[in-house]
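Peer 1: Just so you know, the sequences run in chain order X and E. FYI, in full-length UniProt numbering the residues of the first sequence are 1 to 431. FYI, in full-length UniProt numbering the residues of the second sequence are 1 to 431.
Keep in mind the hints are simulated off the structure, nothing from the lab. Careful, some of the hints might be misleading.
In silico EDC-like links for lysine to aspartate or glutamate, alpha-carbon gap of 20 angstroms or less [what the hints assert, rightly or not]: (1) X:LYS6 x E:ASP11; (2) X:LYS6 x E:GLU7; (3) E:LYS313 x E:GLU325; (4) X:LYS304 x X:ASP225; (5) E:LYS6 x X:ASP29; (6) E:LYS51 x X:GLU121; (7) X:LYS6 x E:ASP29.
Protein chains: 2
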Amino acid sequence: MEVELKEMLDDLLSLRQSLSDPSLHASIDQMQLRVDRLTHLAKSVPVRRTKVKDMSAEVVDTNPYSRLMALQRMGIVENYERIREFSVAIVGIGGVGSVAAEMLTRCGIGRLLLYDYDKVELANMNRLFFRPEQVGMTKTDAAVQTLSDINPDVVLESYTLNITTVQGFETFMSSLENKTFCSRKEGSGVDLVLSCVDNYEARMVVNQACNELNQTWMESGVSEDAVSGHIQLLIPGETACFACAPPLVVASGVDERTLKREGVCAASLPTTMGVVAGLLVQNTLKFLLGFGHVSPYLGYSSLKDFFPTMAMKPNPQCSNAACLERQKEYILAKPARDAAAKAKMEAEASAAASAGDVPLHVDNEWDISVIDDNEPEKSTCGTSSDALPEGLTRELPSADEYQKPQPSGATDTTIDDLEDLRRQLDALNAD
Amino acid sequence: MEVELKEMLDDLLSLRQSLSDPSLHASIDQMQLRVDRLTHLAKSVPVRRTKVKDMSAEVVDTNPYSRLMALQRMGIVENYERIREFSVAIVGIGGVGSVAAEMLTRCGIGRLLLYDYDKVELANMNRLFFRPEQVGMTKTDAAVQTLSDINPDVVLESYTLNITTVQGFETFMSSLENKTFCSRKEGSGVDLVLSCVDNYEARMVVNQACNELNQTWMESGVSEDAVSGHIQLLIPGETACFACAPPLVVASGVDERTLKREGVCAASLPTTMGVVAGLLVQNTLKFLLGFGHVSPYLGYSSLKDFFPTMAMKPNPQCSNAACLERQKEYILAKPARDAAAKAKMEAEASAAASAGDVPLHVDNEWDISVIDDNEPEKSTCGTSSDALPEGLTRELPSADEYQKPQPSGATDTTIDDLEDLRRQLDALNAD
Chain X
1 MEVELKEMLD DLLSLRQSLS DPSLHASIDQ MQLRVDRLTH LAKSVPVRRT KVKDMSAEVV
61 DTNPYSRLMA LQRMGIVENY ERIREFSVAI VGIGGVGSVA AEMLTRCGIG RLLLYDYDKV
121 ELANMNRLFF RPEQVGMTKT DAAVQTLSDI NPDVVLESYT LNITTVQGFE TFMSSLENKT
181 FCSRKEGSGV DLVLSCVDNY EARMVVNQAC NELNQTWMES GVSEDAVSGH IQLLIPGETA
241 CFACAPPLVV ASGVDERTLK REGVCAASLP TTMGVVAGLL VQNTLKFLLG FGHVSPYLGY
301 SSLKDFFPTM AMKPNPQCSN AACLERQKEY ILAKPARDAA AKAKMEAEAS AAASAGDVPL
361 HVDNEWDISV IDDNEPEKST CGTSSDALPE GLTRELPSAD EYQKPQPSGA TDTTIDDLED
421 LRRQLDALNA D
Chain E
1 MEVELKEMLD DLLSLRQSLS DPSLHASIDQ MQLRVDRLTH LAKSVPVRRT KVKDMSAEVV
61 DTNPYSRLMA LQRMGIVENY ERIREFSVAI VGIGGVGSVA AEMLTRCGIG RLLLYDYDKV
121 ELANMNRLFF RPEQVGMTKT DAAVQTLSDI NPDVVLESYT LNITTVQGFE TFMSSLENKT
181 FCSRKEGSGV DLVLSCVDNY EARMVVNQAC NELNQTWMES GVSEDAVSGH IQLLIPGETA
241 CFACAPPLVV ASGVDERTLK REGVCAASLP TTMGVVAGLL VQNTLKFLLG FGHVSPYLGY
301 SSLKDFFPTM AMKPNPQCSN AACLERQKEY ILAKPARDAA AKAKMEAEAS AAASAGDVPL
361 HVDNEWDISV IDDNEPEKST CGTSSDALPE GLTRELPSAD EYQKPQPSGA TDTTIDDLED
421 LRRQLDALNA D
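Whole structure, please, built from the sequences with the hints as guidance.
Peer 2: This is how it looks when you write it as C-alpha cells:
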C-alpha cells in the first residue's frame with residue numbers, strides 16, 4: 001500500500017510539472033495532502049515485531065523476554081534460554097491446541113509443528129485464540145498468521161492434513177523424524193508431541209506414531225459436557241500407552257462414530273479449555289526445562305474444583321505391538337538406569353559433602369539444626385529407625401524390618417547363604 | 001481511509017474535466033487505476049462479526065453460541081441465555097484480567113467494565129491476549145479493540161484510571177453503582193467484581209469499595225516467581241474480607257513499595273496466568289449461572305500440580321469498618337436465611353415425593369434396583385451393615401460396632417444404665 005501511495009505522489013509531482021495552467025496547481029496540492037494523509041493512515045496499520053537474536057534478561061519495557069528470563073533469577077529455571085533449542089509438535093489446533101500453541105509461542109519455544117485439517121468457523125468463537133475475521137481459513141493458516149505476528153522468533157511448520165489417513169500418517173511420521181532443526185543422535189526430531197485432538201481414533205494414531213518412534217508425548221482432553229478435562233504424560237515402555245487401558249466402549253468393539261448423533265454438538269467452554277491448555281503447557285515447560293514435577297496424569301473436574309492425579313504402569317498384555325517392544329527395551333535397560341541413578345546420587349552426595357563446610361544460613365534466629373538422615377537415631381522410643389507418632393502402630397513390618405529379620409535371641413546374625421536362611425526360618429517356625 | 005480515497009477519485013475526475021490538454025488524460029487515468037487498487041487494498045482489511053439478537057442453540061457452523069447453548073442440553077446449566085443479563089467488572093487488565101475478559105466476552109457476557117491505567121509494552125508479550133502491534137496503546141483501549149472484534153454483542157465500558165487515587169476511586173465507585181444496564185432494586189449495578197491487580201494496595205481499594213457497596217467479588221493473584229497462583233471468593237459479612245487476615249509484611253507496617261527493587265522485575269508465565277484466569281472465570285460462570293460449587297479459595301501450585309482449598313470466616317476484629325458493618329448485618333439476617341433454607345428444602349422434598357411415582361429409567365438392562373438406605377439390610381454376610389469386599393478386614397471396629405458392643409456369650413444384651421455397662425466391662429476384663 002505504501003509503495004502504491006509513493007508512486008501516486010510521484011505521478012502528482014510530474015503532472016504538476018506538465019501543467020501549463022498554474023490555476024490547477026491548487027487542485028494538485030490538495031491531492032498531495034490527501035496522499036500524505038493516506039500514507040499516514042497506512043502507516044498506522046500494524047508493524048510487525050522484529051526478531052530478537054539473543055534472549056536478554058534486561059528489565060526494559062521493550063524486551064519481550066524479560067519476564068521469562070526472570071525465572072532464572074527467581075531460581076525456578078536453571079537456563080531459560082535453552083527453550084529455543086526445543087521442538088514441540090501440536091496435533092489438533094482446536095480449543096486446547098491453539099491456546100497451547102500461543103502459550104509456547106509467547107514463551108519463545110524454538111520450533112512448533114502444527115497439524116490440523118479443519119477450517120475456522122464462527123461456532124469456534126466460544127473458545128480462545130481464533131478471531132471472527134479468520135472464519136473460512138484453515139486452522140493451520142490462521143494459527144501461523146496469529147503466532148508469527150506474536151513472536152517472529154519461533155520457527156513455525158504447519159501441516160494441513162488428517163493424521164488418520166494413510167497419506168496423512170506418512171507425512172506426520174516423516175515430519176516428526178526430520179532432524180534438520182536441531183541435530184541429535186538419538187530419538188526423533190521433536191522433543192515432545194502434544195495431542196490436542198477431540199476423538200479416540202486420532203489419539204490412537206498419535207499413540208501408534210509415538211510408540212513406533214519411542215517418542216514421549218502428552219495427551220489432553222475435555223469432556224463432552226465441557227466441565228472436565230485431563231492431561232497425561234506417556235513415555236513409551238515406561239508408562240501405560242493409550243492402548244494399554246482402552247475405554248469400555250472401545251473394548252466392547254463399538255465404533256465411536258456411531259456415538260455421535262446428528263444435529264447434536266458437544267458443549268465447550270473457553271475456561272475449561274484454557275485451564276487444560278495451561279496445565280498442559282506448564283507440564284511441557286517443566287518437562288523441557290527440567291524444573292518441578294511433571295504430572296503423570298492430572299484431571300480437572302470444574303464443578304467441584306477437584307484435581308485427581310494418578311500414575312499408570314504399562315499393560316504387559318497391551319494390544320499395541322510397538323508398545324510391547326518399548327516395554328521389553330525398558331526392562332532390558334534397567335541395570336543401565338540403576339547405575340546412572342546411583343552415579344548421580346553419589347555425585348550429588350559428594351557435591352553436598354564438599355558444600356557442607358559452608359553454612360547455608362548465617363542467621364539462625366530459631367536455633368534450627370539439621371539432623372543427618374543416615375545417622376542412627378539417638379531416640380529412646382524403640383529400635384525402629386522410623387518411629388511412628390504416639391498412638392499409631394504399624395499393620396505390616398516396614399521394608400527395612402523385612403530385609404533384616406531379627407528373631408528373638410538371634411540379633412546380629414549374618415545370613416551367608418540360602419541354607420543358612422532356611423535354617424533360620426525352621427528355627428522361627430519351631431518357636 | 002475509504003472516504004479519503006473516494007474524495008481523491010472525485011478530485012481526479014474534476015481535474016480531468018478542467019484539463020485542456022488531452023495528452024495529460026493518460027496520467028489521470030493511471031492515477032485513477034491506482035486509487036482503485038488502493039480502495040481494493042483498504043477493503044481487504046477485516047470485516048467485523050455482526051451482532052446476534054438472540055442466542056440460538058442451532059447446531060450450524062455460523063452460530064457463535066451453539067457450543068455454549070449445548071450446556072443446557074447436557075444438563076449443566078438451566079438457562080444459559082441469562083448470561084446476557086449479567087455485568088462483570090474487571091479491575092486490572094494484565095496477564096490475568098485480559099484473559100478473563102476475553103473468556104467472558106467469548107461466553108457472551110452481557111456487559112464488561114474494564115479498569116486499568118497502564119499501557120501495553122513489549123515486555124507484556126510473554127502473557128496471552130495483547131499483540132505486538134498494540135504496544136503503546138492503553139490496555140483498556142487495546143482490550144476494547146480486541147474484545148469488540150471478537151464479540152460485538154458484549155457491552156464494553158472502559159475506564160483508563162488508577163483506582164488508588166482519590167479521583168479514580170470516586171469514578172470506580174460511581175461506575176459500579178450505575179444501574180442503567182439492568183435495573184434492579186438491591187445491590188450495585190454489577191453482579192460480580194473480579195480483582196486482577198498485581199499489588200496489595202489496589203486489592204485493599206477493591207476490598208474497600210466492595211465492603212461499602214456490599215458487593216460480592218473474587219480475588220486473583222499470581223506469585224512473583226510465576227509458578228503459583230490463587231483465586232478467592234469474598235462475600236462481605238459472610239466470608240473473610242481482604243483486610244480480615246492481612247499478610248505479615250503488611251501487619252508489621254512495612255510499605256510494600258519498599259519491597260520492589262530497582263531493575264528487578266517479577267517473573268511471569270502465560271501458563272500460570274492462563275490457568276488462574278480460567279479457574280477465575282469458571283467460578284464466575286458457576287456463581288452467575290448457578291451450577292456446580294463455587295470455591296471459596298483455590299490455590300494452584302504448579303511445581304507439584306497441587307490445588308489447595310480452604311474457607312475463611314470473617315474476623316470480628318477486622319480493621320475495616322465497612323466489613324464489621326456487613327458482619328453485623330449478616331448475623332442479624334440469620335433467622336431470615338434459616339427460614340428461606342428450610343422452605344427451599346421442604347419444597348424440594350415435596351417435589352421429589354411427587355416425582356417419586358414416575359420411574360426415572362424405563363430401560364433396565366442390568367436389573368439395577370434401588371435399596372432404601374433406611375431399610376435394615378437382608379444380607380447374610382454378618383451383622384455389620386457395610387460388609388467389606390472379600391480379602392479385606394477392618395483394622396478398627398466400625399462406628400456401628402462401637403455403638404453395639406457384643407461381648408462373647410452376651411449377644412442381644414440390652415444396656416439399660418451405666419451400672420449395667422460397668423458390670424459388662426468387668427466381665428470382659430475377667431475373661
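Peer 1: For every hint, state whether the structure bears it out.
Peer 2: Structure-based check of each hint:
1. X:LYS6 x E:ASP11: 18 angstroms, holds
2. X:LYS6 x E:GLU7: At roughly 18 angstroms apart (the allowed maximum being 20 angstroms), GLU7 (chain E) and LYS6 (chain X) satisfy the hint.
3. E:LYS313 x E:GLU325: Holds, because 15 angstroms separates the two Cα atoms, which is no more than 20 angstroms.
4. X:LYS304 x X:ASP225: Distance ~14 angstroms between LYS304 (chain X) and ASP225 (chain X) Cα, so the pair holds.
5. E:LYS6 x X:ASP29: 17 angstroms, holds
6. E:LYS51 x X:GLU121: 16 angstroms, holds
7. X:LYS6 x E:ASP29: 17 angstroms, holds
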